[in-house]
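Protein sequence lines correspond, in order, to chains A and B. The numbers in my numbering rise by one with no breaks, and the one at position 81 of the first sequence is 389. The numbers in my numbering rise by one with no breaks, and the one at position 203 of the second sequence is 216.
Hints are not guaranteed to be accurate.
Heads up, simulated SDA-like pairs for lysine to any residue below, C-alpha to C-alpha not over 25 Å straight-line [to be verified]:
1) A:384 <-> B:179
2) A:445 <-> B:164
3) B:180 <-> A:553
4) B:180 <-> A:319
5) A:469 <-> B:176
6) B:180 <-> A:414
7) A:445 <-> B:261
8) B:180 <-> A:454
9) B:195 <-> B:95
10) A:384 <-> B:174
11) A:384 <-> B:178
12) B:180 <-> A:432
13) B:180 <-> A:450
14) B:180 <-> A:392
15) A:445 <-> B:134
16) B:180 <-> A:423
17) B:174 <-> A:355
18) B:174 <-> A:392
19) B:180 <-> A:442
20) A:381 <-> B:195
21) B:174 <-> A:418
Everything labelled a hint here was simulated from the structure, so no lab data went into it.
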Amino acid sequence: MSAFVALDEVSHAYGGSTDTPAVEGLSIAIEEGEFAAVVGPSGCGKSTLMKLATGLQFPFKGSVQVAGEVVSKPVKIAGMAFQAPTLLPWRTTLENLLLPLEIVEPYRSEMRRRRVEYSARAANLLTSVGLGGQGEKYPWELSGGMQQRTSLCRALIHEPKLLMLDEPFGALDAFTREELWCVIRDLQAARKITVCLVTHDLREAVFLADRVFVMSARPGRIVLERKIDIPRPRELDVTFTQGFQDIVHELRSHIVRART
Amino acid sequence: MKRGDIAVRMAPWLYTAALFIVWEGAVRLFNIPVFFLPPPTAIANAIVEYWTPIYRHSFYTLSTTLIGFGLAVGFGLLLGLVVGWSRSIYAGLYPLMIGFNAIPKVAVVPILVLWFGIGFVPAVLTAFLISFFPIVVNVATGLATIEPELEDVLKALGASKLDIMRKVGIPRTLPYFFGSLKVAITLAFVGSVISESIASNYGIGNLMLQAQAQFQVPLIFAGLVALAVEGIVMYWLMAILETRMTGWAQRSGFAQA
Chain A
309 MSAFVALDEV SHAYGGSTDT PAVEGLSIAI EEGEFAAVVG PSGCGKSTLM KLATGLQFPF
369 KGSVQVAGEV VSKPVKIAGM AFQAPTLLPW RTTLENLLLP LEIVEPYRSE MRRRRVEYSA
429 RAANLLTSVG LGGQGEKYPW ELSGGMQQRT SLCRALIHEP KLLMLDEPFG ALDAFTREEL
489 WCVIRDLQAA RKITVCLVTH DLREAVFLAD RVFVMSARPG RIVLERKIDI PRPRELDVTF
549 TQGFQDIVHE LRSHIVRART
Chain B
14 MKRGDIAVRM APWLYTAALF IVWEGAVRLF NIPVFFLPPP TAIANAIVEY WTPIYRHSFY
74 TLSTTLIGFG LAVGFGLLLG LVVGWSRSIY AGLYPLMIGF NAIPKVAVVP ILVLWFGIGF
134 VPAVLTAFLI SFFPIVVNVA TGLATIEPEL EDVLKALGAS KLDIMRKVGI PRTLPYFFGS
194 LKVAITLAFV GSVISESIAS NYGIGNLMLQ AQAQFQVPLI FAGLVALAVE GIVMYWLMAI
254 LETRMTGWAQ RSGFAQA
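For reference, chain A alone in the conformation it holds in the complex (with noise of 0.2 Å):
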């Protein structure tokens, strides 16, 4: 039995294979129901892990297999959020947790019979990120931590098996970010998701994740893997403990090395 997210000696190159690749021999193993954070440099190829696990992009050399299954079309059990919220302006935000179920099937052809039944799980789904009551405002109505928690009910509203996260509290100033940390830390626990974080925050990462990749500078591979034994459920206040500020240090000594 395999991961639920495996790569395997994967290397990708856009450009074609004379560029430079973006990551090369490229390993990395999450298990069903882990939540996993990749940190590295920037360029290190964190984009490129998220676009060849969801089938966005197929690998030159090498494996991706999901839930079993060697990707070779869009992966359609995962969710994906990103910095920016990217919702859409003409949409209230309920209408905006609808769009992934206006494509996906089995919603997308049952859409038309069971909206109301769709549109009181999106409803279900606001609330339980701290949202309750703002589904028929407008995104640009909304805050910006409003609106990201917006994008991640946009990323779960289809019941993804995996959920992508690619720096999606980079842009929110501090405390809103460690209150989404909180969002997404319950979410995860509550649905046994797998999650996959790309980040360049070491503590965001050392609180969230059960194991932390380091990729190195481009061509991206991981350069270390470090298991987070911190125990469950993590409150903020962990982040300030001797324990935990020696986990993101160590990490710290690895990303500094894996720029040179």
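On the provided structure of chain A, position chain B as indicated by the hints.
Leaving out everything else, chain B in the frame of chain A:
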């Protein structure tokens, strides 16, 4: 209503009135002959005196302009979607369109006359040719600037290109499209009047040409005023349409409503 609001509302009328008053004053002060620059009062007299022909010719110009504009909207929207759909079509058509747009449309009118004779058809076609370009460019731009992250989110769900176009591309292009209509409608007037001046027996362009031949300078200016009024009214209608259709893109106004 606040005092500032009233000032803003009155501003267009006050500025227009001021223009005409300064104009009138300057003409009288410097004794400018009527056949050189007629004062607004003389133009107003001409409008009253020649009301029937001005009205008829204006209406004719308006109809050629609107038909040409309508063609431009349909064709521009279609071509914009096609160009925005595929990068290779974009790459292939863009230089052609720029080259075509660079040709002065006045140079095309003789060819149109050669093909269709003088009058209605060349005027409509010139209005069409001159006004479709901004629509195409704006629609294509709207499609080309979809956020790649959003595209990824949808593609990862298995969305087809058509899905992305329908759910994201076309709605987000609408503000660009309706914005371009304001530019296109004024250009359409330019096109139809050019064609009428060169090759027609009807229309404001032709009326002004006749007035010039007869040295009725106030009537020439009356024609200009008629065109300006039509232009403003159509622009204003396009602006209303824009706000109606794409209120979400004009946040401040929408939030207050």
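_Next pair to validate is residue 469 (chain A) with residue 176 (chain B); report whether the Cα-Cα distance is within 25 Å._
It holds: about 23 Å lies between the C-alpha atoms, which stays within 25 Å.
Checklist entry - Does residue 392 (chain A) lie within 25 Å of residue 180 (chain B) when you go C-alpha to C-alpha? => result Measuring from Cα to Cα gives roughly 19 Å; hence the hint holds.
- prompt: Hey, residue 381 (chain A) versus residue 195 (chain B), does the alpha-carbon distance stay inside 25 Å?
  reply: Given pair residue 381 (chain A), residue 195 (chain B) is violated - Cα atoms ~43 Å apart, limit 25 Å.
| said: With the threshold set at 25 Å, check whether the alpha-carbon distance from residue 180 (chain B) to residue 414 (chain A) stays at or below it. | reply: Roughly 18 Å separates the two Cα atoms, so the pair holds.
Hint check: residue 180 (chain B) vs residue 553 (chain A), CA-CA at most 25 Å. Holds or violated? violated, 45 Å
- Query: CA of residue 174 (chain B) to CA of residue 355 (chain A), is that 25 Å or under?
  - Reply: The given pair, whose Cα atoms are some 22 Å apart, holds under the 25 Å limit.
- prompt: Under the criterion that the straight-line Cα-Cα distance not exceed 25 Å, is the pair residue 384 (chain A), residue 174 (chain B) satisfied?
  reply: holds, 16 Å
**Prompt:** Keeping to a limit of 25 Å between CA atoms, is the pair of residue 180 (chain B) and residue 432 (chain A) held or broken?
**Reply:** Distance ~24 Å between residue 180 (chain B) and residue 432 (chain A) Cα, so the pair holds.
**Prompt:** Between residue 174 (chain B) and residue 392 (chain A), is the straight-line Cα distance small enough, at 25 Å or below?
**Reply:** holds, 22 Å
Check: Are the Cα positions of residue 445 (chain A) and residue 261 (chain B) separated by 25 Å at most?
Finding: holds, 11 Å
Worksheet item: Within 25 Å, alpha carbon to alpha carbon, are residue 180 (chain B) and residue 423 (chain A)?
Response: holds, 17 Å
Check: CA of residue 195 (chain B) to CA of residue 95 (chain B), is that 25 Å or under?
Finding: The given pair, whose Cα atoms are some 22 Å apart, holds under the 25 Å limit.
Going through the hint list in order, the structure does not satisfy hints 3, 4, 15, 20.
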